[in-house]
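Visitor: Sequence:
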Amino acid sequence: MKTYAMMILGCKVNDYEAHYIKEKMNQDYLEVSFKERADIYIIFSCCVTNVAEAKTRKFIRTARRNNADSYIVVVGCYAQTKPDEKVFDEADLIIGSKYKDRLKDFIDDGLKTKMIENLDDSEFEDLYFEEYKDKTRAFLKIQDGCNQFCSYCVIPYARGHERSAKMDNVLKEAQILAKKSKEIVLTGIHTGRYFDGTNHLIDLLRELIKIDELKTIRLSSIEITEITDEIIELMSKNSKIAHHLHIPLQSGSDKILELMNRPYDKEYFLSRVSYIREMIPDISISTDLITGFPNETDAEFEKTIEFLKKIRFSFIHLFPYSRKDNTKAYDMPMQVSEPVKKERVKIITDIQKEITAEFKSRYMNKILYVLAENSNNSYTFGHSKEYLDVMIDGVYKHNEIYKVFIYETGDVLKGKVID
2 MKTYAMMILG
12 CKVNDYEAHY
22 IKEKMNQDYL
32 EVSFKERADI
42 YIIFSCCVTN
52 VAEAKTRKFI
62 RTARRNNADS
72 YIVVVGCYAQ
82 TKPDEKVFDE
92 ADLIIGSKYK
102 DRLKDFIDDG
112 LKTKMIENLD
122 DSEFEDLYFE
132 EYKDKTRAFL
142 KIQDGCNQFC
152 SYCVIPYARG
162 HERSAKMDNV
172 LKEAQILAKK
182 SKEIVLTGIH
192 TGRYFDGTNH
202 LIDLLRELIK
212 IDELKTIRLS
222 SIEITEITDE
232 IIELMSKNSK
242 IAHHLHIPLQ
252 SGSDKILELM
262 NRPYDKEYFL
272 SRVSYIREMI
282 PDISISTDLI
292 TGFPNETDAE
302 FEKTIEFLKK
312 IRFSFIHLFP
322 YSRKDNTKAY
332 DMPMQVSEPV
342 KKERVKIITD
352 IQKEITAEFK
362 SRYMNKILYV
372 LAENSNNSYT
382 FGHSKEYLDV
392 MIDGVYKHNE
402 IYKVFIYETG
412 DVLKGKVID
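The opening position of the sequence shown corresponds to residue 2 in our numbering, with each subsequent residue numbered one higher.
Here are the simulated DSSO-like pairs of lysine-lysine, each with C-alpha atoms no more than 27 Å apart in a straight line: (1) K99 - K23; (2) K25 - K36; (3) K13 - K216; (4) K267 - K304; (5) K211 - K167; (6) K136 - K181; (7) K329 - K304; (8) K13 - K59; (9) K25 - K115; (10) K173 - K216; (11) K136 - K415; (12) K59 - K115; (13) K25 - K59; (14) K25 - K3; (15) K167 - K216; (16) K325 - K56; (17) K136 - K23; (18) K173 - K23; (19) K241 - K183.
Pair ranges (Cβ atoms, derived): (20) E259 - R38: 47 to 55 Å; (21) I348 - K3: 48 to 56 Å; (22) K136 - E37: 18 to 26 Å; (23) Y129 - A300: 50 to 58 Å; (24) A69 - E234: 56 to 64 Å; (25) N327 - E234: 39 to 47 Å; (26) Y100 - V346: 34 to 42 Å; (27) I306 - V413: 25 to 33 Å; (28) K115 - E303: 41 to 49 Å; (29) I348 - L235: 35 to 43 Å; (30) I210 - P282: 16 to 24 Å; (31) K329 - R38: 40 to 48 Å; (32) D85 - V413: 39 to 47 Å; (33) E303 - T63: 37 to 45 Å.
These are calculated hints, taken from the structure and not from any lab test.
For clarity, every value in this text was computed on a predicted model and none was experimentally measured.
Just so it is clear, CB atoms sit at the ideal spot from N, CA and C, and this is done for glycine as well.
All chains should be modelled from the sequences, with the hints used to inform the complete structure.
Guide: This is how it looks when you write it as structure tokens:
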């Protein structure tokens, strides 16, 4: 049997699409580690940062070194935006954001070409699969593409315009996945902009909570402007919807937010977060933040620090600004130097570490519901519905949700299962 190896870079949407390909490939091929010699290498690429692009190039070269005669496939956003990069000469098949549903057929046929096409007329590709192997938490892609065109972001060029799966198709796949996974994460490039022509995200959530086998529904990254009062009301009243929201802020400076082409200011963001916390007091709210954006002077950076101290996120995904071709920010004046970016990342990391520790300390002597994901000889590890890391005393069955009393807080919460 021929072998294949896969490397998945980037976001949850890439992860979802890659697992669809895995399920198809496993019908006729044997999966091996990317470090091993394989007949076929499949690399799901990412272009959000320069680091992600560099990793894609690295793994293409690694695949060719592992087996000079291998068949190399590069898929996804980096391939879509820069298909003529020199490193892609090492690849046999290049697929962008279209035709993932036909990828295995192309591999079976040994097709050697660049399948990069215009995304303007793209429709949502339904990629059905039975289960997320080796994972207790299943991603379910409900939306693709972006119309926002933030000045730092290449995703609209990599993924095309916004489009969504039909609600009936989402419900059908959720019912299948729920047979094996207790928790499903709804994901997309703009998850909150889900609209299938008739139904919005709130309509989809109201139907998903009716699936008996599905115990937890988690929303992936969602914009502050997309979190409606109806969504918050449903979250507050239905325990199936996880009390965690990841809401990208990107900057705590109104000047920088405007330059980024973000559709809100600090006052709006804070007022909505305050409302959400009022409605759901135990909610965990995390964020994405970019530092070192063009024109981010020391004074503008200080405004971000002040805002972070005021709003107090549970945790942050922090990125130094990556200068990307084909974006408005690329040619902006007052680019910030790499050493300054690095220093600002350290400052924010140190500040957020204390805020996160304080947030976690609130769960001392509290009860959390934890999805068991893996274990060793003494402990079981998982995440609570607030997306907190929890270490449970004892070994428990994976893919089950346990009621856990927290008796110690720190980087990881420690607890014991109670009846």
